[in-house]
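Quick note, the sequences are listed as chains Y and P, same order.
Numbering-wise, the first sequence is residues 1 to 118 according to my numbering.
Numbering-wise, the second sequence is residues 1 to 113 according to my numbering.
Simulated from the structure, these hints should not be mistaken for lab results.
Certain hints may be false.
Cut-off 30 Å, straight-line C-alpha distance, at most; resulting in silico cross-link-like pairs (DSSO-like, lysine-lysine) [to be verified]: (1) P:11 to P:57; (2) Y:73 to P:57; (3) P:71 to P:11; (4) Y:115 to Y:70; (5) Y:16 to Y:70; (6) Y:99 to Y:3; (7) Y:16 to Y:73; (8) P:57 to P:71; (9) P:71 to Y:3; (10) Y:73 to Y:3; (11) P:71 to Y:99; (12) Y:99 to P:57; (13) Y:73 to Y:115; (14) Y:16 to Y:99; (15) P:11 to Y:115.
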Amino acid sequence: AQKITQTQPGMFVQEKEAVTLDCTYDTSDQSYGLFWYKQPSSGEMIFLIYQGSYDEQNATEGRYSLNFQKARKSANLVISASQLGDSAMYFCAMRETTKGGGGNKLTFGTGTQLKVEL
Amino acid sequence: DTGVSQNPRHKITKRGQNVTFRCDPISEHNRLYWYRQTLGQGPEFLTYFQNEAQLEKSRLLSDRFSAERPKGSFSTLEIQRTEQGDSAMYLCASSFSGQETQYFGPGTRLLVL
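Extracted from the complex, chain P is given alone in its bound form:
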């Protein structure tokens, strides 16, 4: 399967702990996006990478959140000092420059206790 993959699929953590999620985009895609989806809502944009450069961050991305894409391939999203309000589905999507469609991974469901 050459689609977008995300790990882990599920994460349960205690408030105050740090968590890290990984996204592997479709191999030839140079654009990578992170979104967050809370219960009953559509996904909301968090951040965007073109190759290894992080070119836009949403105001939703507080200082406790950091994302990287060190070699322009996979990306990681880290949340420090998690809060209960961080409980959500974190979705990664990728696309290729000049193509409109973003292809999504299966998401990581985070539950903060």
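Next up, chain Y with everything else stripped away, as it sits in the complex:
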């Protein structure tokens, strides 16, 4: 079974600084994908970034980058130039193929609450 571990329940960062949110994973699959989602207090899960296991380059999306270290089974999220609006819960997730139809169900970690301070 797949497992996602996020060991930081909460993190603080100063505005305009960079922050790294940790994520480690466990899977026996050779092909897999890793996601980061942001969940503000309103509840909606907002997609941030995706990394495929065969992607040679680390994924980047604007201020977000994913530090993918396959041998260490880690997929840390780096947010550069933090903004007050980045304060939210952040979830790491891994896709697993469903039993039927080739869908991709997600397994999530327990999340990291990020607070950006002035």
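Using the hints provided, position chain P relative to the given structure of chain Y.
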């Protein structure tokens, strides 16, 4: 706005009552997922549809839960004889075949008294 929508956003009910939630996915998305999120946890997979076919159900989906997607567009999730342990956020997500990313709706927060 052409994102995933869910209704209602909030639902308070008494134990033993039935509730139904609706999800409208992004219009061209043929895959639809339901997840449940309890306080302090990440979302957990409940069930998956490709078009109108329900292709996988989690063991979390007890007999009191039923989901449909009758015309391959919107989906409903019904909980019969609600229990206090059903209190959670119910999230719907959609995607298109061949694309990895699931896009989530705002969720329905259920409170069972």
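We went through each hint and held it up to the structure:
Between residue 11 (chain P) and residue 57 (chain P) the CA atoms are separated by roughly 23 Å; this keeps the pair inside 30 Å, and the hint holds. Between residue 73 (chain Y) and residue 57 (chain P), the direct Cα distance comes to roughly 28 Å. Compliance with the 30 Å bound is thereby established for this hinted pair. The straight-line distance between the Cα atoms of residue 71 (chain P) and residue 11 (chain P) is roughly 25 Å, inside the 30 Å bound, and the hint therefore holds. Under the criterion of a C-alpha separation no larger than 30 Å, the hint pairing residue 115 (chain Y) with residue 70 (chain Y) is consistent with the structure, at around 28 Å.
With a CA separation close to 29 Å, the supplied pair residue 16 (chain Y) and residue 70 (chain Y) stays within the 30 Å bound. Distance hint between residue 99 (chain Y) and residue 3 (chain Y) is fulfilled; the C-alpha atoms sit about 18 Å from each other, no more than 30 Å. The suggested pairing of residue 16 (chain Y) with residue 73 (chain Y) holds, with an alpha-carbon distance near 29 Å, which does not exceed 30 Å. Taking the CA atoms of residue 57 (chain P) and residue 71 (chain P), the gap is about 19 Å. The hint holds against a cut of 30 Å.
For the hint pairing residue 71 (chain P) with residue 3 (chain Y), the CA-to-CA distance comes to about 34 Å; that exceeds 30 Å, so the pair is violated. The hinted pair formed by residue 73 (chain Y) and residue 3 (chain Y) meets the criterion: a straight-line CA distance of about 11 Å does not exceed 30 Å. With a C-alpha separation of about 22 Å, the suggested pair residue 71 (chain P) and residue 99 (chain Y) falls inside the 30 Å cut-off, and the hint holds. For the proposed pair residue 99 (chain Y) and residue 57 (chain P), the alpha carbon gap of about 9 Å is at most 30 Å, so the pair holds.
The hinted pair formed by residue 73 (chain Y) and residue 115 (chain Y) meets the criterion: a straight-line CA distance of about 26 Å does not exceed 30 Å. For the given pair, residue 16 (chain Y) sits about 44 Å from residue 99 (chain Y) by alpha-carbon distance, which is inconsistent with the 30 Å threshold. Restraint check for residue 11 (chain P) and residue 115 (chain Y): the C-alpha separation of about 29 Å stays at or below 30 Å, so the hint holds.
Taken one by one, the earlier hints fail for this structure at numbers 9 and 14, listed in ascending order.
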